[in-house]
Structures are given as C-alpha cells and as structure tokens.
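Engineer: Read off the chains here:
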Amino acid sequence: MSAQAEVSRHAIRGARWRWSEAAFWLVVLACAFAFPSRYLIMADIARLALFALSLDLILGYAGIVSLGHAAFFGVGAYSAGLMALHGIITEPVAALIAAGLVAMALGFLTSFLVIRGADLTRLMVTLGIALLLEALAERFSDITGGTDGLQGIEMQPILKLFAFDIFGKVGLFYSLAVLFLLFLLARRIVHSPFGLSLRAIKNNPLRAAAIGIPVNRRLIAIYTLSAFYAGIAGALFTQTTALASLDVFSFERSADLMLVLVIGGAGYLYGGLIGAVVFRMLQEVFSTITPQYWQFWIGLVLVVIVLVGRPRMHRWALWAPNLIIKQIAGRKAVVAVPESDA
Amino acid sequence: MFIRTKMLLPIATVAAVAGMVALTPARADEAVKIGLILPMTGGQASTGKQIDNAVKLYMQQHGDTVAGKKVEVILKDDAAVPDNTKRLAQELIVNDKVGFIAGFGVTPAALAAAPLATQAKIPEIVMAAGTSIITERSPYIVRTSFTLAQSSTIIGDWAVKNGIKKVATLTSDYAPGNDALNFFKQNFTAGGGEIVEEVKVPLANPDFAPFLQRMKDAKPDAMFVFVPAGQGGNFMKQYAERGLDKAGIRVIGPGDVMDDDLLNGMGDAALGTVTAHLYSAAHPSAMNKEFVAAYKKAFGNRPGFMAVSGYDGIHLIYEALKKTGGKTDGDALVGAMKGMKWESPRGPISIDPETRDIVQNIYIRKVEKVDGELYNVEFATFEAVKDSGKTKK
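Same order as they appear, the protein sequences are chains A and B. Taking this note's numbering, the leading residue of the first sequence gets 1, the next gets one more, and so forth. Taking this note's numbering, the leading residue of the second sequence gets 1, the next gets one more, and so forth.
Check before you lean on any hint, since a few could be wrong.
Quick look at which bits of chain B chain A covers, simulated, 3 or more residues with Cβ under 8 Å [unchecked claim]:
id: 1; region: 78 to 89
id: 2; region: 115 to 123
id: 3; region: 173 to 182
Treat the hints as calculated values from the structure; they're not laboratory data. Cβ coordinates follow ideal geometry from the N, Cα and C atoms, glycine included.
Given only the sequences and the hints, what does the whole structure look like? Please build it.
Structural biologist: Next up, the structure:
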C-alpha cells in the first residue's frame, strides 16, 4: 500500500461518525427537552460553545493563540443589534449570516497582522485589536449606546415562523440548531485536506511550507473562518437576549474563552463544547453557593485542573467504565486516552 | 487523537445532566421568596454589598415571618451585566417561583428584567438604579432608591442662588450620568448660570486625572460631579492630588460622589463639598441614629444611600405583604405599594401612586467634621420631591 493511500485511509477513518458523537448530540437535545425551566442558561452554554468552537478552529487546528477573540464576538453582536434596531435586515437568520460576514471581513483584514510574528506577538496583537474596538464602541456611544448598550432591540420571528418568547425556548432551539449546523461545517472542514494541511502547519510550519502548503494563505483562511464563527456567536447573543453592550468586547470574555478550551481541550472540536458546559456549570454552582466570593472558587478549581492535568483526570474518569469493560470484554478492550493528546 | 471522544463525550454529558438535575431546585413551599439580584462582584460590588447588608439587617430586626408566611431571600450575583440579570431573573421566576424580584444595581440591569416582571406579573423592586425611565418600562416596577432628576434639579437651583456662575461638569457616560447632567443643566442655565466645560468619563475607567486637568484649565467656580456609588473615593483622591481643592474649585452635585461608606476615607479635600441627596448618615432623626448604630454594629462600617434604599425596599415588600395578608398576587401587591407612606431612616417617604416612583425629601448637605469624622451635614430640606424626569404626557 502506498503512503498516500495509507494517509487517506487514516483520514477517512478519522472523519467517520462514531456512536459516541451521535450519543452526545442526542443527550444535548434530550437536555433541551428535559429542563424546560433552564432554557436561558442552556442557550448561554450553546452560545459559549459556538464561540469556543471558533477559537478551537484557530488554536486547536492551526496553532494561532488569541486573547482578543471577543473582538469578533462583539462586532457580530453589535452588527446584529444595529441591523435589528434600524430595521436593515429584520429576519434573524439572514441578519445572523450578515453579522457573521461583517465579523469575517474584520477577521480577514486583521489576519494579516496576526500571521506575522510568533505566539507572544499574536497574543498582543489580538488583545490590542479587541481593546481598540472596545474603546471605539465607547467613543461612538451615539451609535453603540455606550455602557447602557443598545436599547429597544426587538427581534422579528425566525423565518417569520417562530417568535422569540420570554422564557428562551425558541432562543435555545435556535442557538442549538445554529451550533449544530456550524459544528457539522467545522467537522467537515477539519477533516478535509484543507484541515489536514492546517495540522501540518501547526506541527511544523517550516516543513509544511517545504512540502508545498501555502502556509500564510491557509492561516488567513482559517482565521477568517474563525472570525465568522465568533461573529455568529455574538449575533446569536444579541438576538437571543435582545441586548448588546460594551461588555461584548471585554477582555474577560476572551480570557474566559481560553479557560473553556483549557478545561475542554483543544483540537478535537468537542473540547469547546464540553469546556463550555463544565465552565458555566462551575460558575452556576459556585455563584449559587456564594454569590459574593464565587470567583475565588472558580480560580481555585482552574488551578487544580491545570495542576492535576487533563490526562490524569481522563484516567480517573475512565476508571469506573474500564472496570466494567474489563469484566465483560477482557483486558484488551480497555479504553485509554493517549498521553500525547492532552 | 480520536480515541478520547469514545468515552469522554458520554461521561461529560452524563456529568452535565447530573449537574442540571442537582441544580433544579425542589418545588416551592409555602414561603414567600424574594429574588435579590445585585452586583456582588465587579465594579459595582459596593452597591450590592450595601443593599445585601441592609436587607439582612432589616430581617434580623423584624423577623423573617410576615402575615404568617416565612420570607426567604435568594441572593444572586449579576456583576452588573444585563444579560446575567435577565437570565437570573427568569430562573428565579420560573424555578424558584419568587414572589418579588428586587435589587438591580445599574439601570441596564433594571431595564433587562422589566419585560419579565410584566410577563410574569411579579413586582420588581428597584433598590439602586436611578434613571427616570425605569418605572415606565413595566407597570410592576416600584422604586425605593431615587432618580437623578430629584437631586440634580435641586442642586442646579441651589448653585444659581448661591453665587455660582460658571460650572464645569464631569459625569459618568451612561444613562444616569446623562440624566444628572441634563437636569442640572436645565435648571442651572435657566437661572442664568453658564456651563464652561462638559466632560463625560467612561463608566468602566475610573482614571479621572486627564479629565481633571481640563476642569482645572477651564477655571470654573465649581465643578458638577456625578459618578456612581463606589467611585467617589477614587475621584476625590485624584481631585486632591491635582490640586483642584487649592485652586478653589468646589465640588457640587448629586450626593452619589459623597457616598457615606467612602466619605470618611476621602480626607480633608472633601470638606465643604455641597451636594443634594436623599440620605446622609448624619440625618438627625432618632430612627436614623438607631439604623446607623445597628448597621455599624453588624457590618463594621457606615451605611450609605444604597443601604437605606435596600432597607426601604425590603420594608416596602413586608408592608405590601401585610396588606395583602401574605398573598403574592402581583397586581394586588403593586396596588398595595402605591401611595404607601412611611418613615425611613432618610426621612418621610412615599410611593407615588401614578408613577410607582419614590417621593422623598432632598437635603442640601455640606461635608463637615463631626467628632473627628467626615459627615454630610444637612442644612436645607426640600420636602416631598417627585421625579421630574418622567416623560411628559
């Protein structure tokens, strides 16, 4: 068998759907039906998951670090808000895509700054862009509403069929549908030859260039796509909450996103999704127990997570299931996580 | 790379489901629940802490049963971010079946919860946010704090009458700041005063130094200052550092900048500052003396105007419940609150039956040293001031 055939066979096998993935999405859908009183937090998690997915695309697959991803989130949020407020595009799905495209355009323009330089420079540049936009939004408060945010956003029914309700049911299913569709797209992209070339670049840009991968063009492409995703997440935020204020650009938003990926793990798409669930649940649990000092406990948990390390936690999480598998199917069937992954 | 998805996904989702189940509270019992949504973290945390303290104090003093029902307060932190407020309010209403939502540290937060109050027919007691429009956003909103129009118009009139001709303004750039500025300007310029410099400072950036330099260069008789509760200390520090006190530029404004819980740490630069406000810890009534003493004993510092707003807010809830005999029907409760009059630590107050906004005395106060501590000493009173900032019908 030739090396090329070997590679493509491996790639195709990797791209196949697994039962566990189907189960994941079924459980997500089941949750949406099972907890009718918690639509808003679930919608919040779905938005955060989409946002994390966007960062995962550049961080996990192309190795671009960013501390300013809120820039695109914010641009998407304000675009969607302004479009709804001034009646430019009133249909939410069309507005969502338009807002994503605006963020995408910004992503394309700023990608040239980001691909120059190494990790540290990138952190600085991305952070700078987000701060710049936040300051601009504050300066032009007659357009953005400044600290008070855009007031009086009223959303039209989705596809003229489903009106947003006050308890967030439509908002949640809308967010989940968008998340799922964009996830499918992302999954398709990362398993395509394009996605594989990104991994090659992540592993060794020089060697990738040597085998004929146009490194800069690929990085620009994925960064632009990632901006589109973040813009959609931002637009979803505005559409489902009817709010957009300066904090969409805040540094905390970008930093939280990093934490989400640290918790969930980068480079396999589900990391952002799992991370978003865990992160929000931690926040929810701690802020219920102690509304005043919950940040302390979140910080502590994060430090512990990093100290313990994900591989060890995976082993702990898999200990009980493996015990059962061992009883039934013998030692060989035991599931493990490769150390190099985490 | 791909093996991990096999087991991890189901485990993560199962954990998530378990978490959701654990967080879904048990059925509501007979207690009356109050959802208290406040900024307990972030830039507005001092507001949240004062109100939370005051509510605790009131419940210690008056017990936790009213009209035969147990009262339970559920405190939530929204960090003054409106989408958090909205989510928390919704969850409190749907999951915890609260009879009231209360608190709201900033205007956007109060506005975000307004449609929920209307939809669920639940009273929304605003204990902090001070923009005039708030009570117009839902027929279920009742306010026990203040509006910026109340104090800003009065200090505007006072400034004209007391020989202040040129004023530079420094206000936080958000709805209450703009309210304060506009109402001050309206009354001050109508009386013949002149605004020589107008500066709006970002809410989230409490570095006043560059703005203060511009104030100094404009050489006004006084500067009109509005910053939200909690930022006054920082402002006065920089005011003194830049030597504006020595340049003879006095500070006037609504009393937010001279918030009692920070006042004593401001130093002598604050002496002589004249502000118009609803409450001073030095208010000379027996009830206030008792309130201040109890608050100091319980929490170790002085109550500010946010504390008194929270104290009156929970009092309003108790009294409304007494009137309805413990029934938590939203319309009946709001009906009971309308026109209610009582004596508060700040003086006599009432709820305007038309606007559901607070009617209260506004006092003109000057910072003086009393027993070695700085206090806002009241020297003139404007009785039963209504909010003049409502949309003209």
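Engineer: So, for every hint listed, does it hold in this structure?
Structural biologist: Status of the hints after comparison with the structure:
Counting residues of the region 78 to 89 of chain B whose CB falls under 8 Å from any CB of chain A gives 5; the rule of at least 3 is met. Only residues whose beta carbon comes within less than 8 Å of a beta carbon in chain A count, and the region 115 to 123 of chain B has 3; three or more means the coverage holds. As drawn, the region 173 to 182 of chain B meets chain A at 3 residues by the rule of a beta-carbon pair under 8 Å; at three or more, the given contact holds.
The structure meets every hint from the earlier list without exception.
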